[in-house]
Amino acid sequence: MRLAYGLGSHHNFDASQLNFEGLADLPLLLELGFDVILVIQERDRPEVHERIKRNLEAMQVNLPYRLFYEPAVLAPVLRECQVQVAYLSDFLSDQAERAEVPMVRLGRLRPSYRGVCDAVSVFLRAFARGFEGRYRRYLGL
Amino acid sequence: MTDLSEFELREQDHTDLFGIFLGVHAVPGTVLFLHTTIGCKFKTQMHLVEHDWFRESHNQRLWTGVDDVRLIAGSGQRLIEFATSWYERRRPSLAVITTNAAVGLSDLDVEQAVEELRRRLPCPVILLKAPGYIGSIQRGYKRFLEAVLALLDWDRTPKPNRVAIVGYVFDRYERDHAANLREIQRLLESLGLDLSATMFGGQPLDRLKISVPEASTIALFPLAHDLQIPGGRQEVQVPMPLGLRGTSQFLYAVGEAAGVDRNLIESVVEREMRRAVPAIAKAASHLEDLRVGVFLDSPMAEAVTAFLLDLGVEVPFVSLTDPAGADESRFRERVSRLAPPGSPLPQTVLCGASRNQAVRKFLEVASEVPIPVVVGSAFHRAVFRRRLISVVELGFPAAGKHAIYPTPFLGFNGAVALTQRILDAAFGAF
Chain X
1 MRLAYGLGSH
11 HNFDASQLNF
21 EGLADLPLLL
31 ELGFDVILVI
41 QERDRPEVHE
51 RIKRNLEAMQ
61 VNLPYRLFYE
71 PAVLAPVLRE
81 CQVQVAYLSD
91 FLSDQAERAE
101 VPMVRLGRLR
111 PSYRGVCDAV
121 SVFLRAFARG
131 FEGRYRRYLG
141 L
Chain H
1 MTDLSEFELR
11 EQDHTDLFGI
21 FLGVHAVPGT
31 VLFLHTTIGC
41 KFKTQMHLVE
51 HDWFRESHNQ
61 RLWTGVDDVR
71 LIAGSGQRLI
81 EFATSWYERR
91 RPSLAVITTN
101 AAVGLSDLDV
111 EQAVEELRRR
121 LPCPVILLKA
131 PGYIGSIQRG
141 YKRFLEAVLA
151 LLDWDRTPKP
161 NRVAIVGYVF
171 DRYERDHAAN
181 LREIQRLLES
191 LGLDLSATMF
201 GGQPLDRLKI
211 SVPEASTIAL
221 FPLAHDLQIP
231 GGRQEVQVPM
241 PLGLRGTSQF
251 LYAVGEAAGV
261 DRNLIESVVE
271 REMRRAVPAI
281 AKAASHLEDL
291 RVGVFLDSPM
301 AEAVTAFLLD
311 LGVEVPFVSL
321 TDPAGADESR
331 FRERVSRLAP
341 PGSPLPQTVL
351 CGASRNQAVR
361 KFLEVASEVP
371 IPVVVGSAFH
381 RAVFRRRLIS
391 VVELGFPAAG
401 KHAIYPTPFL
411 GFNGAVALTQ
421 RILDAAFGAF
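In order, the protein sequence lines correspond to chains X and H.
Heads up, the first sequence is in the numbering used here, so the first residue is 1 and it goes up one at a time.
Heads up, the second sequence is in the numbering used here, so the first residue is 1 and it goes up one at a time.
If you're looking for bench data, these hints aren't it; they were derived computationally from the structure.
Each residue gets a CB set at the ideal place from its N, CA and C atoms; glycine is no exception.
Among the clues, some could well be false.
Said to hold, decoys possible - Listing some non-contacts, in silico: residues in chain H with all C-beta distances to chain X over 12 Å:
hint, residue
1, Arg55
2, Arg61
3, Pro122
4, Leu128
5, Glu146
6, Gln203
7, Ser211
8, Gln234
9, Met273
10, Gln347
11, Ala426
To be verified - A few chain X residues facing chain H, derived, Cβ under 8 Å:
hint, residue
12, Glu132
13, Arg134
14, Tyr135
15, Leu139
As the list claims (entries may be wrong) - Listed next, with one range per pair, are the computed distances between beta-carbon atoms:
hint, chain 1, residue 1, chain 2, residue 2, range
16, X, Arg136, H, Asn59, 50 to 58 Å
17, H, Met46, X, His11, 51 to 59 Å
18, X, His11, H, Asn356, 45 to 53 Å
19, H, Arg275, X, Tyr113, 39 to 47 Å
20, X, Leu124, H, Arg386, 31 to 39 Å
21, H, Arg55, X, His11, 55 to 63 Å
22, X, His49, H, Arg271, 51 to 59 Å
23, H, Gln237, X, Val73, 46 to 54 Å
24, H, Asn356, X, Pro27, 33 to 41 Å
25, H, Gly342, X, Ala15, 27 to 35 Å
26, X, Val73, H, Pro278, 25 to 33 Å
27, X, Val120, H, Gln420, 26 to 34 Å
28, H, Pro278, X, Asn55, 38 to 46 Å
29, H, Gln237, X, Pro76, 43 to 51 Å
Let's have the full structure, built from the sequences with the hints guiding it.
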């Protein structure tokens, strides 16, 4: 199952999100069996690609990535990437909705063995599409 | 080490005796003769007094006062004298006699005494033995329900489009139940049906005798799913109409059993969804990461858990508080049926655990990731208040939550009102 992992949208001082260039939850997602594609909020410029490639290589992460230059244009990227679920900053939920992709809020996953059980529950609930996803036809969405 | 857990207080320590009394309270004009020794009858009755501010229950409960001498010599004569004299004072339309364990062990003459009372008193007399150590509120209520069903006038001709509900737990006369019944009536009327009676719903026996048998369709709530209903009416097992999905399934089940056109049922559900969903959605988007614990009896726990999952709330812990009816696999199967497909079911489900066990396990689960809201009873509010956990009182007793304003928890209106309560609890704003 393909998962879009969002990077570069959320700027904060939360150690768990800054750690590993924002990819601290990647091992958990890979362990859960997701086929991960990175969606990074950046300008599409040669020097950006160089930096990203350098960083990924340094972290021994060999994953494909796509760029989107601002939040409002993520939905088409998610559609093109044919992802089934997304792990994104909360304010990108409208983009996930537009792409009809269930979403888990970035930073929601928890560490340690307990975090694995929790993650299964979190993704199952996301696949159930949340209240708005289930009842969108009554909400004019 | 000896396991003493069976001696710990249960989540719900009431047994059949209190369940029978709860049923008696729900049928005005009925009196309960406690043909029992001295015990905790009045203390337990206080739960009902604190739970129901709208109708006092003292005068429906009379204690024959069996002492040691009568235990040895036979207490039947005492019962006859007591019930006969108190009949004159109360003039009940139904007399219910219960015996407790001590009387039960020496009741050689009690059944004859009840037979004698049946001859003497102008009202029906029911004997329901209730040793204090067995059963539950639900089982006692159900036994009383079954006994009353047998008293109804089943020779009456059923009328088309009339529905009776059997198995509704009417534990107080406050406006939550009044609003529930009004809501069910409103929804059935939308289907062209008439709610002729609810067992129980605060109607006296004389009314029930006529109105229940006049129903052509009997909708059995979960508590009554396995009851044998006399009279050969069209019966249908329905889920608790709680939450959007539970209420929809309820309407389809009742409507189809009563022969309502499926297109009409669909249009009613659609209309109600269009009204309720936008209101609930406003809250649901703010409740997504909420974790809620549930301490309720099985039928309520199934319905509430499924609704919480529909809201997108996580339910990591459930304690089924009815020791007699709790069954984890049945709970999971029923929640799966009511909740959105693929919803993650609770990881921890306790069945009839003691209060200590349930609270300890809950705190253990909550120590991993906090559970800031519980749906339970006044007991849980007392326990969790000091831990700053908000308790939505929905179970019995709800000594702190009273309904002076119509606040249903069933039907589509109930789904909105219950969401409001969960939202208030989540944000600690009342």
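Consistency of the no-contact label for Gln234(H), given chain X and a CB cut of 12 Å: holds (32 Å)
Determine whether the non-interface label on Ser211(H) survives the test: each CB of chain X must be over 12 Å from its CB. holds (36 Å)
Taking the minimum C-beta separation from Arg61(H) to chain X, is that value above 12 Å? holds (45 Å)
Is the gap between the beta carbons of Met46(H) and His11(X) within 51 to 59 Å? holds (58 Å)
The output says Leu128(H) does not contact chain X. Does that hold with a beta carbon cutoff of 12 Å? Since the minimum Cβ distance to chain X is about 44 Å, Leu128(H) lies beyond 12 Å and the statement holds.
The hint says 50 to 58 Å between Arg136(X) and Asn59(H); measuring C-beta to C-beta, is that right? holds (54 Å)
Interface hint status, Arg134(X) versus chain H (Cβ within 8 Å): For Arg134(X), the interface hint holds, since the closest Cβ of chain H sits about 6 Å away, which is under 8 Å.
When you take the CB atoms of Val73(X) and Pro278(H), is the distance between them in 25 to 33 Å? Cβ of Val73(X) to Cβ of Pro278(H): about 28 Å, so the range 25 to 33 Å holds.
Interface hint outcome for Glu132(X) [beta carbon to chain H under 8 Å]: Glu132(X) check passes; min Cβ-Cβ to chain H is 6 Å, inside 8 Å.
Against chain X, does Gln347(H) hold up as non-interface, every C-beta pair farther apart than 12 Å? violated (7 Å)
Please confirm whether Met273(H) is truly not at the interface, meaning its C-beta sits more than 12 Å away from all C-beta atoms of chain X. violated (5 Å)
How does the Cβ-Cβ distance of Arg275(H) and Tyr113(X) compare with 39 to 47 Å: does it lie in that range? Holds - the Cβ-Cβ distance for Arg275(H) and Tyr113(X), about 45 Å, lies within 39 to 47 Å.
In this structure, the earlier hints numbered 9 and 10 are contradicted, and the remaining ones agree with it.
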